[in-house]
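**Student:** Now for the letters of each chain:
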Amino acid sequence: MKFLEKYLHKMEPHFIKGGKYEKWNPLFETLATFAFTPKLVTTKGTHIRDGVDLKRTMFTVVIALIPCLLFGIYNTGHWEYAVAEGNRDIPYFAEMGAKFLTGLTIVLPVVIVSYGVGLTIEFIFGMLRGHSLHEGFLVSGMLIPLTMPADVPLWMVAIATAFAVIIGKEIFGGTGMNVVNIALTARAFLFFAYPTSMSGDKVWMSGLGDKMSTNSADLDGFSGATALGDLASFMSDKATVAGETVQSSMALQNFSTEYGVWESFVGMIPGSIGETSTLACLIGGLLLVLTGVGSLRIILSFFAGGFVMGLLLNAIGGNPYLDLAAHHHLVIGGFAFGAVFMATDPVTASQTAFGKIIYGFLGGLLAIMIRVLNPAYPEGVFLAILFMNIMAPIIDHYIIQANINRRLKRLKTA
Amino acid sequence: MSNTISIRKGLNIRLVGEAKKEIKDIPVSKTVGVSPLDFHGLTPKLVVKEGDNVQIGDVLFFDKKEASVKFISPVSGTIESIVRGEKRRILNVLIATDGKQTAKKFDVSKASSFNSEETKALLLATGFWSSIKQRPLDVIANPNNEAKAMFVSSFDSAPLAPDYEYILGDDIGNLQKGFDALSTLTGGKVHLSSRPNSIFSKINGVKHHTFDGVHPAGNVGTQMHHIDPVNKGEFVWSINIQEVAAIGRLINEGTVSSSRKIALTGSELKNPTYVNVSKGTEMSTILDKGIVGSNVRYISGNVLTGDQKNLTDFIGYYHNQITVIPEGNEYKFFLTSGWLGHGFDKFSNSRLFPTFLLPKSKKFTLDTNTNGEERAFVVSGELERVFPFDILPVQLTKAAITQDIDGMENLGIYEVAPEDFALCEYVCTTKINIQDKIRQGLDLIASECM
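Protein chains in written order, with my numbering: chain A, 1 to 414; chain B, 415 to 864.
A few of these clues could be false.
What the hints assert, rightly or not - Computed footprint of chain A on chain B; a stretch qualifies when at least three of its residues, placed anywhere within it, have a C-beta under 8 Å from a C-beta of chain A:
#1 459-472
#2 581-591
#3 712-720
#4 731-745
#5 801-814
None of these hints come from the bench; they were simulated from the model. All values reported here derive from a predicted model rather than from experimental measurement. Glycine residues also receive a C-beta, built at the ideal position from the N, C-alpha and C atoms.
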């Protein structure tokens, strides 16, 4: 490594102020500080510093996302196979290697586009502002692909990422300054700008859209719907489950057969690339909580909020949609993914300890409320989190005000 | 005796290089320096000029804004030079010592019956007033204000800090005299906070408190907050316990003693130990060839709040400790000792490093590398874990950064000193110089609100 270090030393004068490639300093600095923790020393204040830095923190989140990514790749491959066979019920754990490779060919380009576009924009802003890459996008760049439907066109991923990075983050000042979660901004952008590509029955399985338009005869009785899509259809009198029209009273039972709690928990259902497996999310969540990067308060209260709302709706009851068991809500529709990876984003979540509990609880509550009571937006989780991102400063405001009032009260009683 | 207050939010940074309990006498260095920069916000007005002869206790300069606050010579000798910086700012008053250590006599015959004003006058005349700090602002106390209470901490919980029970163990008599004098100074109580089962519980005439737990339990700011917090418009004073003993010695003997016992600590010292030195002694005289490496940082004070010094500089006025640690001015390859390394060599309060798995007895050699670059605040809940105040540290720091005076007032700026934020600064993932931000906030408050 001495060789690399020497080389960097040799190159450094070209990139500092007055050097040949002064303009490219952010790029050089990013690469150099990636390979070597720089030789910066403390100048004022404490003479020693904790080992932790933002690179390690963000890298840990990327590691935590790997179970979701791997499972997502496999799951995408599986549903591609299901489409090819025209049968939703092909065995899940068969031909695993082939499925994984197929999934890889679909998911990898999305990941590459997301990182490629996002990092390019971040570098441009870094060069404009004269600073190296700030690490926030390392995480956003992985989250964005995982929230996309498998069949999403790559150009959409590109503009969604560009929109999220520029409008969601850089105009506010970059990493640490954004108001709403970057990855969810990207998803929301696509959801409202290209609704046909982000919702409905055709987008969740790779290749399904093409096949339906060319060779629909093969797909008689085949549904590309997700759990949420089918759930939404319960609201109509004649519900469809897996493409078959059934009586409303039968719907819930059929739904539970099609999307069993266990299957949903493991993630063997169609959905966005990385969100289907509650199990994978929880493994990642465990890493985040153990390392202290993710807030246990937010994760738990988010689940609690969703569960409480589920129970409330069960209590009202009356149609199968309201009757779906509360715990079942927590394992479908990216609820766990939102709780573990989106709601816990420290920049956009509440920053006070008690605020985090309120923020998480209301987030979970709203997610299920939107999902059930407004079937136009069954993907309630991301809308709820975006809404709570905006509300988080207000929650914090009241917590801070309570702290201020305690101090004022002390002054009065003194 | 009151109940034990246990401080759970905090961090003991376990460093190599604790001082052995032996005392070595260090002779007075040939040159001794008194720096006005040791006193934050002070504008000094000189009373001596080069060539003047001084004794211990002779005034060197006083505070231009509050002329009664005087700063004295810790040694006898001749004024060698006045070192000035930009805009003729006085950086140091250098005194060539004569080795005799003759001291000016003060009349203390009636000291035991002094009232508040007389005690104040004695402390001002003998230069001890500069040891009394006030909150708000963390500057030398303004003698014209009435303090609601006085706080003394009998232990220092900072990394490698000196053990005052060891230093003052045979000085209880002087200490008692000192506390007697301090108790006349304010209308309020004198609060003395100690570890459980402290030898200082014998002291009479003070209100005893017991503090247990992790650093910053020994910081006087922490103790104030848990005993009797400062509100807007109030003043509290604090003084280091070794200075209290020195005040007692003044009252017993009639002369100012500038000799202090300090701890020499840090991983780069061959022989970390306690030493007996005069205030203002040159660093090189104290450390005299006892350093292991060459690429080291000399710190007057502890690693969290001390000042960086050269060997030709002098020990800081408020410091009872010198720490020498390695400099960290080298690249660290990311997989071995850099940001993605195994991290067994790093001490972290975050569970991203394996520190929390290692036994509590494991001690660390830490260097001055920042271990990362500065970023905007990202992580939340991190500073709160080491900040045992009912104050929101991130929000207060942000108010200080944005110069939001109302915000700072509301969020508790009057209670805090930069040193209270030292641990926050240490653990901060985004490497923000929090103590400096708080100091700038306090300066703004001083100029706008006081």
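**Student:** Now tell me, hint by hint, if it's right for this structure.
**Tutor:** Consistency of the hints with the structure:
{"no.": "1", "hint": "459-472", "in the structure": "violated (count 0)"}
{"no.": "2", "hint": "581-591", "in the structure": "violated (count 0)"}
{"no.": "3", "hint": "712-720", "in the structure": "holds (count 5)"}
{"no.": "4", "hint": "731-745", "in the structure": "holds (count 7)"}
{"no.": "5", "hint": "801-814", "in the structure": "holds (count 5)"}
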